[in-house]
Amino acid sequence: MDINVRKRSQVQLIQLRGQLRLGPPVDELKRTIDEALAEGDTRFAVNLAEVAMIDSSGIGLLVKSLTSTKQRGGSLKLVSPSNFAIKTLKLVGVLNLFEVFDSDDKAVESFN
Amino acid sequence: MSADTPAIDSHNDGPSIRLLDVEMPGEAAAVSAVSDTVADTLMRLDCPEEKRLEIVLAVQEALANAAVHGCKNDSSKLVRCRVEHYPSGRILIIVKDPGEGFLPEEVSDPKASENLERSHGRGVFLIRQLMDEVHFGGNGSEVWMWKY
Numbered sequence: 001m002d003i004n005v006r007k008r009s010q011v012q013l014i015q016l017r018g019q020l021r022l023g024p025p026v027d028e029l030k031r032t033i034d035e036a037l038a039e040g041d042t043r044f045a046v047n048l049a050e051v052a053m054i055d056s057s058g059i060g061l062l063v064k065s066l067t068s069t070k071q072r073g074g075s076l077k078l079v080s081p082s083n084f085a086i087k088t089l090k091l092v093g094v095l096n097l098f099e100v101f102d103s104d105d106k107a108v109e110s111f112n
Numbered sequence: 113m114s115a116d117t118p119a120i121d122s123h124n125d126g127p128s129i130r131l132l133d134v135e136m137p138g139e140a141a142a143v144s145a146v147s148d149t150v151a152d153t154l155m156r157l158d159c160p161e162e163k164r165l166e167i168v169l170a171v172q173e174a175l176a177n178a179a180v181h182g183c184k185n186d187s188s189k190l191v192r193c194r195v196e197h198y199p200s201g202r203i204l205i206i207v208k209d210p211g212e213g214f215l216p217e218e219v220s221d222p223k224a225s226e227n228l229e230r231s232h233g234r235g236v237f238l239i240r241q242l243m244d245e246v247h248f249g250g251n252g253s254e255v256w257m258w259k260y
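Protein chains in written order, with this note's numbering: chain A, 1 to 112; chain B, 113 to 260.
These are calculated hints, taken from the structure and not from any lab test. Check before you lean on any hint, since a few could be wrong.
[Said to hold, decoys possible] Pairs of lysine to aspartate or glutamate residues, derived as DMTMM-like cross-links and limited to a Cα-Cα distance of at most 25 angstroms, are as follows:
1. A/K87 with B/D158
2. A/K90 with B/E245
3. A/K7 with A/D102
4. A/K90 with A/E39
5. A/K90 with B/D148
6. A/K64 with B/D221
[Unchecked claim] Far from chain A, by Cβ distances over 10 angstroms, these chain B residues were calculated:
7. P127
8. S128
9. A140
10. M155
11. P160
12. E173
13. R194
14. Y198
15. G201
16. F237
Ideal placement from N, C-alpha and C gives every residue a C-beta, glycine not left out.
Chain A on its own, in the form it takes in the complex (with noise of 0.2 angstroms):
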């Protein structure tokens, strides 16, 4: 899975391209993420629109990510989950837990 990370207007947007799950994927991502936290950025926007695929280790991530960042007065927002993506946290029942936005603009500005 590529990853791609841009910083701007203090949100940490996070480019994803590939499937995310267990193995090297989840482990870079998680990597990414807990070393952007430890730089004491809170804010995350995580673009799915390239990620056909999300299985349980990648669900697991992206929900223990969004409470570790709520919990330093953040959020992790995604932006234009593939249509599966949005199916599987549906089936799990975490979708509802995440703000969604279609644009990464759009989750920018819900930052500000």
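Given chain A's structure and the hints, the job is docking chain B onto it.
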């Protein structure tokens, strides 16, 4: 085959064709390659995308459980994955690990409010939601999953 393994011909829709029969090391790092192989196998069947994604995610979860829990991430142990295709179009996936198994009925509901923010515990639930019929055999060390 264990005594509580479901009969493969329980649906009486003719003999199946075995599309895949592979073993993988019982570690998390090996899971994605096998689920990709299953995805490729389903692509060759012209399986519709939504159905294919559902099956592959269920397989991913079953393989992950087998590697992480059944084999305790021990690459010297092996997980077996089989894919069968029936004339009716049904697809059967069997994932078996050498572990002690678990009690599927004791898996907690991940949608319960107290579990929603947990970082784990959604795999078996997803398998049941994504597939049309799921049976656990071998005290939970073997899962049989059908998609119609």
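Against the structure, the hints come out as follows:
1. Restraint check: the Cα-Cα separation between A/K87 and B/D158 comes to about 22 angstroms, which is no more than 25 angstroms; the hinted pair holds.
2. Proposed proximity of A/K90 and B/E245 is supported: the alpha carbons are some 20 angstroms apart, at most 25 angstroms.
3. Proximity of A/K7 to A/D102 is assessed by CA-CA distance (about 18 angstroms); at most 25 angstroms being required, the pair is judged to hold.
4. This hinted pair does not check out: A/K90 and A/E39 have alpha carbons roughly 32 angstroms apart, beyond 25 angstroms.
5. A C-alpha spacing of about 24 angstroms is found between A/K90 and B/D148, which places the hinted pair at or below 25 angstroms, so the restraint holds.
6. Restraint check for A/K64 and B/D221: satisfied, since their Cα atoms lie roughly 17 angstroms apart, inside the 25 angstroms limit.
7. With a closest Cβ-Cβ approach of about 31 angstroms to chain A, B/P127 is found to remain outside the 10 angstroms limit, as its non-interface label requires.
8. With a cut of 10 angstroms on Cβ distances, B/S128 stays outside the contact zone with chain A, its closest approach being about 26 angstroms.
9. Annotated as non-interface, B/A140 brings its C-beta within 10 angstroms of a C-beta of chain A; the closest such distance is 5 angstroms.
10. Residue placement check: B/M155 keeps its beta carbon more than 10 angstroms from all beta carbons of chain A (closest about 13 angstroms).
11. Every Cβ of chain A is farther than 10 angstroms from the Cβ of B/P160; the closest lies at roughly 12 angstroms, confirming the non-interface assignment.
12. Interface exclusion of B/E173 from chain A breaks down, the closest Cβ pair being 6 angstroms apart, not more than 10 angstroms.
13. Consistency note on B/R194: stated as away from chain A, and its beta-carbon is indeed over 10 angstroms from all of that chain's, at 20 angstroms minimum.
14. Here B/Y198 stays apart from chain A, with its beta-carbon at least about 25 angstroms from theirs, past the 10 angstroms limit.
15. The claim that B/G201 is not at the interface with chain A holds, since no C-beta of that chain comes within 10 angstroms of its own (minimum 21 angstroms).
16. Look at B/F237: its CB is around 6 angstroms from the nearest CB on chain A, not clear of 10 angstroms, so calling it non-interface is violated.
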